[in-house]
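Protein chains in written order, with our numbering: chain A, 1 to 321; chain B, 1 to 310; chain V, 1 to 340.
There may be inaccurate statements among the hints.
In silico DSS-like pairs for lysine-lysine, Cα to Cα no more than 27 Å straight-line [stated by the list, open to error]:
#	chain 1	residue 1	chain 2	residue 2
1	B	Lys148	V	Lys279
2	V	Lys71	V	Lys82
3	V	Lys82	B	Lys266
4	B	Lys16	A	Lys3
FYI, nobody ran anything at the bench for these hints, they're computed from the structure.
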Amino acid sequence: MWKFIVRRLIITFPQLVVLSVLVFLAAQFMPGDALTGSIGNPNITAEQLEQRREALGLNDPWYVRYGDWVSGVVQGDLGESYRFKMPVTELIGQRIVNSFWLSVVTLIFTYIIAVPLGILSGRYNDSLLDQSITGYTYVGFATPLFIFALVMLWIFGYQFGWFPTNGSVEPGLTPGTFDYVLSKLYHLILPGISMALIATVNTVQYLRSEIIDTKQRDFIITARAKGAPESRVYNRHILRNSLLPIAAFFGFEITGLIGGTIFVETIFSYPGMGQLFLESVTLRDFSTLVSVVLLFGVTAIGGALLSDIILSLVDPRIRIK
Amino acid sequence: MAFLEVKDLKVHFPIKGGILNRTIDHVRAVDGVTFEVEQGKTYGLVGESGSGKTTTGRAVIGLNHVTSGKVFYEGTDITKKQSKTKALRKDIQMIFQDPYSSLNPRKRVLDVIAEPLRNFEKLSKQEEKKRVQELLELVGLSPEAIVKYPHEFSGGQRQRIGVARAIALRPKLIIADEPVSALDVSVQAQVLNFMQDIQQELGLTYLFISHDLGIVKHMCDDIAIMYRGRYVEQGTRDDIFNNPQHIYTKRLVSAIPDINPRNREKQFHFREEVQREFEHSYDDYFDNEGLAYGLQPISGSHYVALPEKG
Amino acid sequence: MSEELLEVKNLKTSFRIGEEHYAAVDDVTLTLNKNEVLGIVGESGSGKSAFAFSLMGLHNRAKIEGNINFKGENIANTAPGKLNKLRGDDMAMIFQDPLTALNPLMEVGDQIAETLILHRSDMSQKDRKARVIELLNMVGIPYPEHVYGQFPHELSGGMRQRVVIAIAIANKPELLIADEPTTALDVTIQAQILDLIRNLKNDMNSGIILITHDLGVIAEMADRVAVMYAGQIVEVSDVHTLFENPLHPYTRSLLNSVPNAEGGQDKLHVIQGIVPSLKKLPREGCRFASRIPWVDASAHEENPVMHEIAPGHFVRCTCHSQFYFPDESKEVQSNGVSGS
């Protein structure tokens with residue numbers, strides 16, 4: 001098992017390198033450079049500009065600049081945002097914490113919904129209950145998240161006024177106080193549920209088909225032939241074996257959240273990475289955009305890594321090797 | 001010059017391991033196998049799972065990479081790439097074990113059987129159809145079957161479609177890998193009878209791979225017993241069944257259930273005796289890796305894997 | 001002298017396909033005594049496995065009619081709770097494919113222990129573990145303490161089947177049903193497993209129903225044999241009579257179609273036609289009639305029943321008295337390719 005995990009970690013490294021190169025090259029093709037945005041003086045001459053470029057190393061060949069960039073990134077220097085006029089690292093710092101908590105809440109809701117629905121649907125497949133649950137998943141598949149989130153915001157935020165409609169915390173509260181934490185949580189619930197209700201349908205369907213599949217396996221017959229009552233057959237054999245691939249799916253679920261946060265954070269005006277992404281696109285804040293994309297990529301690679309590690313921990317067929 | 005001659009054939013598969021997933025060892029699936037097959041005869045290759053019998057068959061037809069050794073077909077070494085001529089690929093065909101998975105379910109019988117024809121012969125649509133219908137008749141299926149799909153047939157009929165495809169190009173050598181293992185006994189009989197019939201009609205040579213000694217005895221003129229990639233014994237049908245010499249062959253022969261219930265006790269005792277001998281004289285038959293020794297002749301046709309004398 | 005353990009009376013097991021029910025097991029009547037091996041032989045589609053599953057109540061959505069009297073009580077269509085007390089305790093089953101019959105994510109020791117947990121709830125954890133080790137020893141698994149904690153994929157096919165057998169015999173069942181227990185195994189392993197089953201039977205005095213398509217296995221193991229064709233039993237007799245004086249055309253055809261180590265290289269007998277699928281089973285008259293068309297139609301009974309030809313030797317239909325192989329001299333049919 002350790003060999004497997006170490007090998008898996010080693011594979012991650014070239015993935016990160018490829019990702020960073022791609023992100024870097026993409027940034028090179030974008031119009032303008034670090035100086036374009038910071039020209040305060042409209043009277044600056046082309047020569048002066050060129051001199052400053054030379055001094056900043058912007059005329060070096062791409063691999064030199066890539067090297068500089070990577071060493072900066074590794075040290076936590078993601079450059080300067082020329083729209084927000086602050087270091088990107090600092091800009092992202094606040095947002096990433098918000099997105100992290102949004103993701104955690106969404107994942108919790110996702111599993112709170114998926115596990116019971118998937119189990120009921122799989123266990124009583126083809127019943128009316130199953131058909132209703134499956135019906136819900138089809139609706140979930142077909143509904144675009146941004147429309148659904150808007151509807152949720154409109155109904156529960158504006159019509160009923162049960163939840164805040166923007167921000168990540170009530171202004172004026174002191175960080176660290178109990179009220180502050182509570183307010184943070186309060187702001188998370190509606191976007192979290194909105195995203196979870198749509199994102200969970202994958203997991204419901206996956207768990208359902210996993211259970212239906214396991215139900216028909218031969219060892220289930222062995223369990224019945226032992227005289228195991230249905231409840232034990234389900235809990236000991238079917239559920240255990242079906243939840244395993246779901247656990248392994250967890251990492252990919254994280255990757256899936258990235259797309260969701262972009263819409264949801266924007267709609268709920270929630271200051272997170274997704275909102276920042278969209279803002280930096282519309283504001284053409286390329287240095288920020290590049291950093292956000294890089295972090296999204298790292299999250300995706302990390303999610304896949306996590307999935308494989310979980311699988312290797314829970315599946316004896318991999319664990320033993 | 002033998003019709004088919006296999007010389008010191010070795011097929012090794014790499015075992016990957018370690019953190020860098022490098023080759024750390026090899027599975028010696030086939031480890032130095034030598035034999036000759038005469039034209040028009042059936043040569044049986046017997047062994048249990050993991051013995052290397054299937055790998056040997058696949059290596060002969062070129063489906064497995066040959067690590068070393070040579071395969072001569074009518075005098076030409078066919079392990080070399082440049083000798084794999086069209087004529088050669090026409091001459092050697094294969095029948096697979098599972099008639100359920102070896103036929104493409106989305107192709108009509110016409111297309112299944114005509115596929116080799118299309119690859120090797122330029123026939124008009126009319127000629128092609130006629131040939132396929134002839135082949136179907138030859139394997140005992142109705143010529144109208146050409147428009148049907150494989151799932152419309154029973155297991156035995158499907159295996160006959162597989163045979164029809166194999167003989168479409170009038171091959172000289174057929175490698176039959178467990179051709180009846182997936183079939184019911186009465187269907188088995190159909191396919192085996194049929195294989196014997198077309199052997200006479202077309203002068204075919206079979207390399208017949210099976211784990212079932214009863215079937216091998218029924219079908220084969222010469223038989224080789226394989227164990228962990230090596231030959232343990234080779235001889236005529238009579239040599240192997242009436243005068244088995246290697247302890248592994250004896251074990252295999254004694255393990256076959258006797259079809260006569262009156263011989264039950266006798267069979268148990270025989271089995272016990274062989275088991276005792278197996279435990280007692282294991283070192284006389286296997287080297288310290290548990291593999292068979294090289295073959296030593298004990299008569300003109302009969303070879304047994306024994307340690308060299310002295 | 002012999003004590004009756006199981007009596008199956010007019011058992012009919014039907015499955016629903018579309019709107020209709022189709023009987024895979026149709027009117028099967030059989031008895032099994034203690035310490036007896038009853039072989040059930042037939043080809044795929046004969047209903048032999050459906051019969052075994054019916055006895056254990058393992059069919060999920062089947063209609064079961066008739067009686068299954070086990071130890072004096074009818075267990076056909078009993079409540080699951082009651083059945084679960086019997087299954088794994090008084091009656092147990094060995095399955096065909098030992099790889100799929102074991103839970104891939106559970107240690108093999110725990111899988112054996114589960115049977116004990118279910119039926120010997122008074123057993124302490126320590127005793128249970130000791131019993132599992134004892135069982136692993138009994139079925140001939142070396143290093144049982146080590147194997148206890150292994151997973152199925154770490155064991156060879158023969159070892160896995162031993163684990164499946166250990167699960168089945170954990171509570172010394174009186175009735176053991178073995179459904180093609182050696183079909184997935186190599187021949188030398190088959191000999192060992194059959195040997196094991198035979199010894200266990202003698203130790204436990206159990207009745208065994210051995211289901212197989214392999215006449216060799218029957219010849220080696222069975223005391224009595226029932227031959228099944230198209231959901232029905234066509235012949236029952238003691239094993240010697242069946243091999244020496246088979247009567248039903250299907251039994252005779254089957255025996256003649258097996259190549260075996262004793263046989264020569266004569267043409268094998270081919271049964272014409274194919275085993276009909278469940279939906280197309282003939283429901284009236286002699287079910288084997290269409291496969292022996294050269295036998296005169298009048299030879300068959302209108303509603304074939306079992307006839308006791310000699311004490312303990314039953315044959316279905318009257319057609320056996322007029323049955324012959326087309327080429328009588330060799331009892332072998334020469335035209336091997338006609339049967340499509």
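Taking the hints in turn, this is what the structure says about them:
no.	hint	result
1	B:Lys148 <-> V:Lys279	20 Å, holds
2	V:Lys71 <-> V:Lys82	14 Å, holds
3	V:Lys82 <-> B:Lys266	44 Å, violated
4	B:Lys16 <-> A:Lys3	12 Å, holds
In terms of the numbered hints stated before, the structure departs from hint 3 and from no other.
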